[in-house]
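Turn these sequences into a full structure, and let the hints steer you where they fit.
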Amino acid sequence: MNVPEWWYLVLSAVLFSLGALGLLIRRNPLVMFMCVELMLNAVNLTFVTFSRSLNDIGGQVVVFFVLVVAAAEVTVGLGIIVSILRRKPGTTADDLSLLKG
Amino acid sequence: MLSAVWLIPALPLLGALLLLVFGRKLGEPWSGVLATLMVAGSFVAGVVTFLGLLDRPAEERQFLFHVFDWLPVGGFNVDIGFLVDPLSMTMVLFVTGVGALIHLYSIGYMHGDRGYPRFFLYLNLFAFSMLMLVLGDNLLVTFLGWEGVGACSYFLISFWFEKMPNAVAGKKAFVTNRIGDWGYMLGMFLTFTTLGSITYFAKDGSGFLQHASGLTGVTATAIALLLFVGAAGKSAQLPLYVWLPDAMAGPTPVSALIHAATMVTSGVYLMVRVSPVLAQSYHWAPQVIAWIGAITALFAATVAVSQRDIKKVLAYSTVSQLGYMFLAVGSGAYVAAIFHMVTHAFFKALLFLGSGSVIHGMHDEQDMRFMGALRKLMPITASTFIVGWLAIAGVPPFAGFWSKDEILLSAWGNNKALWAIGLVTALLTAYYMSRQVFMVFFGEPRWDQAHHVAGEAEQSAAAVDDERTDVAHGVAVDEHPAPTPHESPWTMWVPLVVLAVLAVLGGGLNLPFNHDVSFLANWLEPVVHATEVVPDVATATKVGLAVVAIIAALAGIALAAAVYLKQRVRAVEPELLLHAYHYDDALAAFFGGPGEALAEGTAMADKLVIDGAVNGAGTLVRAGGSRLRVVQTGYVRNYALGIAGGAVLALGWFLVRAGL
Amino acid sequence: MTAALLFAQVEKVATPKLDWAATAPLLILCGAALLLLLISSLTTSRPARGTYAVITVLASAFAIGTAGVLWARVTDAERGAFTTAAGALTVDGFSVFFIVVISLGIALSALLADDYLRRENLDGPELYVLMLLSGAGGIVMAMANDLIVVFLGLETLSIALYVMAGFNRRRAESRESAMKYFVLGAFSSAFLLYGIAFIYGATGSTNLGDIAGFLNANTLEHTGLLLGGFALLLVGFGFKASAVPFHVWTPDVYQGAPTPVTAFMASASKAAAFAALLRVFVSTFAEYRLDWQPLIWGIAVLTLVVGSVLAIVQTDVKRMMAYSSISHAGFILVGVQAATAQGVSAALFYVLSYTFMIVGTFGVATLVSGKGDEHHGLEAYRGLSRRRPGLALTFTVFLLAQAGVPLTSGFLAKFYVIGAAVDAHSYALALIAMLSSVVSAFLYLRIVVAMYMTDEEGAEPGPRVRVPLGAGVALGLAVAFTVVVGILPQQVVHWADRAIPVVLASGR
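Residue numbers (my numbering), protein chains in the order written: chain R, 1 to 101; chain L, 102 to 761; chain G, 762 to 1269.
If you're looking for bench data, these hints aren't it; they were derived computationally from the structure. It cannot be assumed that every hint is accurate.
Listed below are the simulated DSSO-like cross-link pairs for lysine-lysine, each with C-alpha atoms no more than 30 Å apart in a straight line [to be verified]: (1) L:517 / L:643; (2) R:88 / R:100; (3) R:100 / G:1132; (4) G:1132 / R:88.
Structure, rendered in structure tokens:
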């Protein structure tokens, strides 16, 4: 079956938007962070699609970089989230509003 | 000899640096002496340079002194350099001369102040900036001095930082001046883009004033008016004058030096300097300047009529006199503007220093209603003050008469209505100044009644001043008997005497009788010959106008005498002045009733409208800020929404661009 | 047999040529980071006070030194700019300029951090390690000749910064700022990455040289993908540069983060963002200038206005300075918007002078805040001129420079940026920029007045302020630069003029 290129693009756009929406809607920091991961992977899909259609290997190489970066983000992000949750379990993103104005 | 020009700004700068490092060690009075000597030295250097310039034939009287390349702009450098020509030397001489006298005066006036060395540090820094302003050979160096004098003014107004009103007044000066600077900078950028240079004159002929004739009317008008916005801010013209009366919160020598003699005239200097651009602009552009000047002159004069604070009268008077100068500039009478600037520096500095001497002698009393009959106790101050009064009132042969007469003459040549406004202003000037002199130096001594009158004063409109007075008096009267006024020390009265002599003789700088005695006009001729508008008026008319002006001045004085000295007059010759008494009653009724109401009304309008506009702009910004602040909720998800929203907007913009 | 075959194949793998001299600044910074980790894990006793800071400063100084050598090389008429690492990094005057700026940011912030960490009982090499690595990331961003390398640099910069923001983990504000910065940073970098994907799809490459070549050679029939990519890239860069409306994190994070870290964020991190913005938009997408210029225009206006207006209503000095740094970003954007050589060099001059001003400003805030990093209100500054006249004077210089008062570098920075805008016929923008400087003058003045207003009744004197050696050196340097360049800007302007970014094809 030959799936047209733009289907992939639309799918990745939808995934990206879902991720963005999720971050806006969800309150649990962990889930918010997972939404960012979703966004990054949606971009990966875009890269691979373009890579295929342009017949250029570069786009697929990018995906590896992105994966590494995402992994690094996870390490640091989880650290930050855990350090907050450890002080006050059950903290949501909305509980952090000490700084404002 | 001309190369001595670098010493002129260098000496005050050196003084400021020395005071910065050794100020505390020098203490009182040596830091004051040092500062005074530096400015006096600067004056000597100015005289030397002046003589060097005088040595040259008239058409070669221009000398460019390059200090160093400052900053690269576009393909070339803006340098720090000095332009020595008759205009800048005139400014230098009176800035340093009057400046040195005021420095000397401050040695005595600031006696015992905690921040004595700091005060002189600022004063020297101010002199340096002012000299950079007038000597700079391009708009940017002038702007440097422009900002410098503004900053020093701000520091000096707020000199006693502990006093809240001072800090507020300083702030207001700073903010209004920023608005003016904004116009200046725009004018400067526009000059640069259209003429490719901001240097006034260059050796290779690339200075923008040298090819100003190539400007189109639109550009020239825009540049001239933008620079005028800057000038109006610095020289306290409508509607940007608000800061000047408030600035009187600063020490009196500061009021004399900065807010009367030098800094506030820099706007006039700027307009004269760029007169070639003004000459290229549309006909209505100079008219705008003339009208704003005339209206400011009249407006401020009416306000001055109802002031009670001795310094406030002089402050409004300064605004009014500056209006005269702009009236002259707008009428193309640049020589008259500079002439009046110089004579005004003499007599207004004299008046301010005199008022400072009074305040000093009265132990910090500033309300004229609690003065009176001071001429017996302070003879030198009184006699010099009277000279200043006659000079500003326009009584011949004192200095003010000659310069004011020339301005009125040029106004006549320009537009009869402007002349009429000028004449009314002259009358009012004579009136309010006489009122001040009579209230302070003549009549009954009232300084011991201050305590009684203070109660009534609370009902008066000038709430802020009065409250302060009340407090001061409450303390003074309860603990001590009312202090007797006394004459000031020699460091204070010597400058008064020198300035008084100048105020008498200053008119000799430019006598209208024939070409040979018009010294200032001849001297400035190489600078303004291309742009000066010579009013086409017959000699008989000139004489007639002068006579009318004298009559106006005398009428103003007579009115004031009738109103404020009436008892005294009646006591001497009651029969003779019976009619005058009725007349006087009407006048008193008018000036006490509707007239005063009018004057108070303008004062109120000043407080409400103009102050309101300045404060209102501030409030608006703050209110806007408070509204906007709500957006910054502190919730990370809202922030993310902001970013996503921004992204959507940006995407939307580009998709529209891409034609989707 | 198979092994031999495999070997033969391996030999054929072409490794990209790396110009070691050109990457030396990066290697020095990363090497110093590793060295610090090594020292702290191999030594049992605590090293002498300030060792870590000294090593960090030395490393930055070395980086600047090697940058100086590079500068001579790239500005040499015959050799000029070049790329290295298979076209991934450009070495031109622009890169070198930012190597210097970012290294300065590291060095000055490290000097501030030295005493701060001891004061807050956080002593250790970690903050310096992160600072060095983060700075290296910023340099990669500035040198990048490939969008993916820009992304990698940005992430290196950011991930280290997330940790740094939360470094003072005992303070709730610090933890909160780390969390906010992290979530929003990751969010915005996803946008950036998506933008890169769009550009890749539209032009077939992520290499800036190839993209520029492609855009110059071809006229796109459908520009939607490309322009969409612009929008998303702008989100990413705008976020790092704290341009409105992507600035939302700035006040909170600047306020919450440990003050030396704030200094680093405001200097090095912002510089890196502008480096990327300038190289990618002004140089690479020069062909599509008319499409992105209006958007930058709008963003610049918003940034100028929001920054200065919101700054005025603040009472916390650190937060006030955060907003003021937003309005500075607006000024730099004015230079970017001009999209001319003059605009770029004006922006570069601004970035450099701003680095010193802002590090100095937050440096003073570090000292005044006292133990616990708590006293940031305006009242902490009241009467500072009595307690610490030198420090008050220093702070006054920084504030006046930020307000754009002549004879400070801040005035010239504003002058050049506005001059560039006027020259590019963006009169309205120049007007707004000037107005915003009028408005913000007020806020700097407020602090100055507070410092010099003394002995107000009922007001208790603020906390005692100590000026430790490291911070003293940093503040001294910053003041010296601000004043000297304000009077004699020639050399710096000359550098900025020669640091216009060059876009080179990858040469593959």
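- Item | Structure versus earlier hints, numbers of those that do not hold, lowest first | none
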